[in-house]
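Engineer: These are the residues of each chain, in order.
Number of protein chains: 2
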Amino acid sequence: MMKARVTVMLKTGVLDPQGEAVRHALGALGFDGVEGVRQGKVIELDLAETSAAEAEANVTRMCEKLLANTVIESYRVEIA
Amino acid sequence: MMKARVTVMLKTGVLDPQGEAVRHALGALGFDGVEGVRQGKVIELDLAETSAAEAEANVTRMCEKLLANTVIESYRVEIA
Numbered sequence: 000m001m002k003a004r005v006t007v008m009l010k011t012g013v014l015d016p017q018g019e020a021v022r023h024a025l026g027a028l029g030f031d032g033v034e035g036v037r038q039g040k041v042i043e044l045d046l047a048e049t050s051a052a053e054a055e056a057n058v059t060r061m062c063e064k065l066l067a068n069t070v071i072e073s074y075r076v077e078i079a
Numbered sequence: 000m001m002k003a004r005v006t007v008m009l010k011t012g013v014l015d016p017q018g019e020a021v022r023h024a025l026g027a028l029g030f031d032g033v034e035g036v037r038q039g040k041v042i043e044l045d046l047a048e049t050s051a052a053e054a055e056a057n058v059t060r061m062c063e064k065l066l067a068n069t070v071i072e073s074y075r076v077e078i079a
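For the protein sequence lines, the chains are E and U, in the order given. Take the first sequence: its letter number 26 is residue 25 in numbering that gives the first Met the number 0, and every next letter is one higher. Take the second sequence: its letter number 25 is residue 24 in numbering that gives the first Met the number 0, and every next letter is one higher.
If you're looking for bench data, these hints aren't it; they were derived computationally from the structure. Warning: the hint list may mix true and false statements.
[Said to hold, decoys possible] Distance condition first, Cα-Cα at most 20 Å in a straight line; then the derived EDC-like pairs of lysine to aspartate or glutamate:
id : chain 1 : residue 1 : chain 2 : residue 2
1  : U       : K2        : U       : E77
2  : U       : K40       : E       : E77
3  : E       : K2        : E       : E34
4  : U       : K2        : E       : D31
5  : U       : K10       : E       : E43
6  : U       : K64       : E       : D31
7  : E       : K40       : E       : E72
8  : E       : K10       : U       : E43
9  : U       : K64       : U       : E19
10 : E       : K10       : U       : D45
11 : U       : K2        : E       : E34
12 : U       : K2        : U       : E53
13 : E       : K64       : E       : D45
14 : U       : K40       : E       : E72
15 : U       : K40       : E       : D45
16 : U       : K10       : U       : E77
Required output: the full structure, derived from the provided sequences and hints.
Structural biologist: Below, the structure is given as structure tokens:
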């Protein structure tokens with residue numbers, strides 16, 4: 000059994016209103032010096048797979064098909 | 000300038016309907032062997048701070064105050 004972690008972020012240049020909202024809220028709470036905020040999602044998967052290489056190939060296909068919108072999002076796969 | 004990454008996940012035992020939805024969707028797409036899925040969020044911050052220790056203390060306070068709902072979510076702070 001393997002664990003995989005997928006991190007999906009909006010690509011650079013794509014407007015991130017969630018991140019902007021967090022940045023404003025932090026400023027309103029008195030946190031200075033926050034120059035930029037980007038918010039993304041992380042998906043942790045428990046896989047029956049035993050080969051790390053197979054698991055990574057599989058999870059990459061999951062990203063392409065479902066987990067990320069590759070037009071505006073980039074993703075990173077880590078296998079543990 | 001420092002970069003911080005905060006990962007916020009629902010605590011173990013807290014129902015994760017988003018993760019469940021992803022698990023079902025992966026099954027429907029023919030991906031077998033996905034035994035569990037948890038979905039969380041990741042927040043990347045650009046900080047004016049120059050001390051890593053100060054940055055970590057600051058970001059931890061941001062988590063407690065805004066970024067995580069510590070009743071049901073756990074968070075992890077990484078400084079780079």
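Engineer: Work down the list of hints and note, for each, if the structure agrees.
Structural biologist: Hints, one by one, checked against the model:
1. U:K2 x U:E77: holds (9 Å)
2. U:K40 x E:E77: Holds, at about 16 Å.
3. E:K2 x E:E34: Answer violated: K2 of chain E to E34 of chain E is near 33 Å, above 20 Å.
4. U:K2 x E:D31: holds (14 Å)
5. U:K10 x E:E43: Holds, at about 13 Å.
6. U:K64 x E:D31: holds (14 Å)
7. E:K40 x E:E72: holds (10 Å)
8. E:K10 x U:E43: holds (13 Å)
9. U:K64 x U:E19: violated (28 Å)
10. E:K10 x U:D45: holds (16 Å)
11. U:K2 x E:E34: Distance ~10 Å between K2 of chain U and E34 of chain E Cα, so the pair holds.
12. U:K2 x U:E53: holds (12 Å)
13. E:K64 x E:D45: holds (18 Å)
14. U:K40 x E:E72: holds (14 Å)
15. U:K40 x E:D45: holds (17 Å)
16. U:K10 x U:E77: Holds, because 18 Å separates the two Cα atoms, which is no more than 20 Å.
Checked against the numbered hints above, the structure breaks hints 3, 9 and satisfies the rest.
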